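Trainee: Work the whole structure out from these sequences, hints included.
Line order of the protein sequences matches chains C and A. Under this note's numbering, the residue at position 205 of the first sequence is numbered 205, and the numbers go up by one with no gaps. Under this note's numbering, the residue at position 399 of the second sequence is numbered 709, and the numbers go up by one with no gaps.
Simulated from the structure, these hints should not be mistaken for lab results. Here the structure is a predicted model, which is why all the values come from computation and not from measurement. Check before you lean on any hint, since a few could be wrong.
Said to hold, decoys possible - Estimated spans, in silico, between C-beta atoms of each pair:
hint, chain 1, residue 1, chain 2, residue 2, range
1, A, N380, C, W76, 44 to 54 Å
2, C, Q283, A, E554, 32 to 42 Å
3, A, E498, C, V21, 55 to 65 Å
4, C, R174, A, V511, 53 to 63 Å
5, A, K447, C, F124, 17 to 27 Å
6, A, V511, C, S238, 26 to 36 Å
7, A, A512, C, A156, 37 to 47 Å
8, C, V289, A, P653, 52 to 62 Å
9, C, R174, A, P354, 37 to 47 Å
10, C, S238, A, A512, 16 to 26 Å
11, A, Q372, C, G284, 32 to 42 Å
12, C, S144, A, E655, 32 to 42 Å
Even for Gly, the Cβ is constructed at its ideal location relative to N, Cα and C.
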Amino acid sequence: MMGFSRPQWIAFLVMAALVVVAPYVLYPVFLMKVLCFALFACAFNLLVGYVGLLSFGHAAYFGMGAYVSAYAAKAWHLTPEVAIVLGGLTGAAMGSVFGWLAIRRQGIYFAMITLALAQMAYFFCLQAPFTGGEDGIQQVPRGSLFGLIPLHSDMATYWVVAVIFLGVFLLIHRIVHSPFGQVLKAIRENEPRATSLGYRTDDYKLVAFILSAGIAGLAGGTKSLVFGIATLTDVHFSMSGEVVLMTLLGGMGTIFGPVMGALISTSMENYLAEFGAWVSVTQGVIFVVCVIAFRRGVIGELAAKLKIAL
Amino acid sequence: MSLSRRTLLGTAAAAATTVPLIGRARAQAGQTIKIGVLNDQSGPYRDTGGITSVLCSKLAVQEFAAKGFNVEVISADHQNKPDVGASIARQWFDRDGVDMILDVPNSGVALAVASVAKEKNKLHVNVGAASADLTGKSCAPSVISWCYDTVMLAKSTGGAIVKAGGDSWFFITADYAFGHRLQDDTSEIVTKSGGKVAGSVAYPFPGTTDFSSFLLQAQSSGAKVLGLANAGADTVNSIKQAKEFGISMKVAAMLMFITDVNALGLDVAQGLNLTESFYWDLNDRTRAFTKRVVKVSPDNWPNMIHAGCYSGTLHFLKAVTDMGVAEAKKSGTAIAERMKKMPTEDDAFGAGRIREDGRGIFKSYLFEVKKPSESKAKWDYYKTVATTPAEEAWRPLNEGGCYYVKS
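Mentor: And the structure:
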């Protein structure tokens with residue numbers, strides 16, 4: 001069902017169970033952050049893992065989604081679900097323009113174009129009056145879901161984020177295992193051959209790009225409502241780098257990898273904060289070890305060991 | 311069922327990564343007052359705040375020697391990311407029983423932490439951030455801004471230099487909200503004091519390292535004073551290049567600390583005008599205080615942020631003792647109100663007070679950086695040019711736009 005193999009089903013159920021149990025054990029706000037970044041990393045993985053397009057500008061969709069959602073919730077007093085959807089649409093709209101330009105080139109040129117466009121988005125956010133410059137949009141209200149259920153408590157918000165995460169996760173999985181997804185993988189493996197089979201590869205790539213950017217925007221929007229802020233950190237190119245690292249850490253081209261990567265990376269950022277100046281050093285060492293020891297990422301290695309696809 | 315065993319293994323591996331997170335101690339609050347110092351410990355504001363702020367807060371705790379309750383100081387690095395800052399603040403308040411968050415440089419992070427403090431009714435004593443909005447349109451009843459802000463810097467540096475004859479200004483401004491705000495605030499003071507602004511140039515931020523064309527433009531404007539409406543590495547670069555180009559104007563850095571002067575060296579920084587509300591060599595008490603700090607922080611002498619962390623911690627503990635630990639733990643707003651009622655008194659700032667909008671009211675000093683030949687000792691960097699009395703140094707209460715202040 002839904003293109004899940006048996007081990008994937010089990011893994012998904014385990015993950016869903018963990019998502020349900022976790023807030024009773026761990027701090028829910030931290031978990032929501034993990035879920036938002038997991039969503040972001042999954043969106044990125046859809047592009048790099050299944051189409052083979054390495055984008056260095058995903059922060060633009062994530063950050064702009066965050067800004068638009070935050071602005072919609074704060075200035076227009078829209079309900080959270082509408083604000084989040086707007087964030088996703090913003091990501092998709094930007095993705096369609098940026099993608100349309102970028103997919104004309106491949107490899108490093110593709111990466112550079114996405115990076116350049118994302119930097120333009122960054123400077124736009126730095127200057128545009130509605131983003132609040134370096135202070136960002138602060139004190140974004142969480143509001144009430146559908147105008148009915150107030151999201152003041154962290155637990156209520158957590159369930160909303162969990163539902164969004166699991167829903168989008170299934171959606172991505174469905175996309176990857178649909179006939180459309182098969183064509184994407186064919187393009188990743190050998191684009192000229194896919195073309196020779198009669199597929200208009202540019203169209204497929206563009207649609208994948210828009211989907212990825214849209215989900216990234218959705219993740220950004222969710223994050224801005226959870227934390228009540230949208231700032232330049234979200235659009236900065238280091239965020240694009242972070243999502244690449246998350247995906248690599250967890251396992252590129254695996255469906256669960258980005259989630260694991262996001263968990264590891266966010267935990268490090270959060271729990272190493274008290275070590276002060278040692279944060280960056282420790283993070284660096286851990287990344288080096290991971291890249292050397294787990295080439296395929298944590299989940300990738302695990303899947304290879306167990307000879308299953310995760 | 312070998313498959314499910316494998317999956318179990320996978321689950322175990324996943325669980326193993328989460329166990330250390332669960333294992334974190336949930337400290338019992340009880341009769342312990344917890345202070346969380348949240349600042350930049352690895353980035354550009356490492357020296358202006360950083361570990362020295364933590365040490366100063368600990369020094370205050372040690373000297374206060376609280377009776378009847380324990381005081382614990384913890385710290386974290388917010389990496390200059392507002393979302394990291396906000397989530398640490400939430401966690402500290404929600405789970406770790408922190409009663410007061412101290413320092414928090416970087417206005418973006420500060421505003422985020424302040425809104426968490428407001429939401430949770432917990433105290434935030436801000437020392438490190440320059441934004442005057444913390445006691446203005448983004449004010450909160452449980453947030454206090456200790457010893458400097460952009461308006462005070464503009465008033466002192468802008469006003470005093472004009473009085474001293476520097477009546478025409480040219481600004482080099484970082485082209486983002488902070489830079490423009492600094493320029494506007496200062497221009498207003500300059501014009502009010504009878505000076506004029508000959509012109510200004512905004513440079514792209516971030517990423518500008520070559521200031522030569524802006525400096526030459528400033529020179530050719532014929533203005534007497536060059537105002538640098540920027541911060542951090544940009545200020546350092548523009549000062550260095552102004553020196554290299556032999557710019558003959560008086561250079562006024564709108565946001566600079568003694569720790570930056572130390573980094574630049576007197577050779578480059580000499581003649582610079584800047585404002586702080588604390589200098590170690592002001593009087594016997596500041597010297598005595600500094601002596602105690604230098605014992606624990608020999609390479610980084612205290613600037614006004616460090617002194618503010620000391621002073622803020624001390625005053626907070628006095629207020630807690632005054633109202634009792636149990637009461638103090640209940641409401642950040644209540645402690646803030648008590649702190650506002652009591653006059654402040656310590657070695658670093660002498661006598662002062664906290665205004666009802668949360669604005670710390672202290673004297674501010676305009677300094678000029680000494681020539682290398684005038685500097686007699688280690689860290690002997692400043693001579694005092696002008697002193698602004700405490701009641702004149704800050705933005706008037708009714709101009710801030712703080713919502714809970716009845717005007």
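Trainee: Look at each hint and say if it fits the structure.
Mentor: Hints versus structure:
1. A:N380 / C:W76: 44 to 54 Å: holds (48 Å)
2. C:Q283 / A:E554: 32 to 42 Å: With a Cβ separation near 37 Å, Q283 of chain C and E554 of chain A satisfy 32 to 42 Å, so the hint holds.
3. A:E498 / C:V21: 55 to 65 Å: Taking Cβ atoms as reference, E498 of chain A and V21 of chain C lie about 57 Å apart, which means the hint holds.
4. C:R174 / A:V511: 53 to 63 Å: Given a distance of about 54 Å, which is inside 53 to 63 Å, the answer is holds.
5. A:K447 / C:F124: 17 to 27 Å: holds (25 Å)
6. A:V511 / C:S238: 26 to 36 Å: This hint holds: roughly 29 Å between Cβ atoms.
7. A:A512 / C:A156: 37 to 47 Å: Holds, since A512 of chain A and A156 of chain C (Cβ atoms, about 45 Å apart) stay within the stated range.
8. C:V289 / A:P653: 52 to 62 Å: At 55 Å between Cβs, range holds.
9. C:R174 / A:P354: 37 to 47 Å: Taking Cβ atoms as reference, R174 of chain C and P354 of chain A lie about 45 Å apart, which means the hint holds.
10. C:S238 / A:A512: 16 to 26 Å: With a Cβ separation near 25 Å, S238 of chain C and A512 of chain A satisfy 16 to 26 Å, so the hint holds.
11. A:Q372 / C:G284: 32 to 42 Å: holds (34 Å)
12. C:S144 / A:E655: 32 to 42 Å: Since S144 of chain C and E655 of chain A have Cβ atoms about 48 Å apart, the given range 32 to 42 Å is violated.
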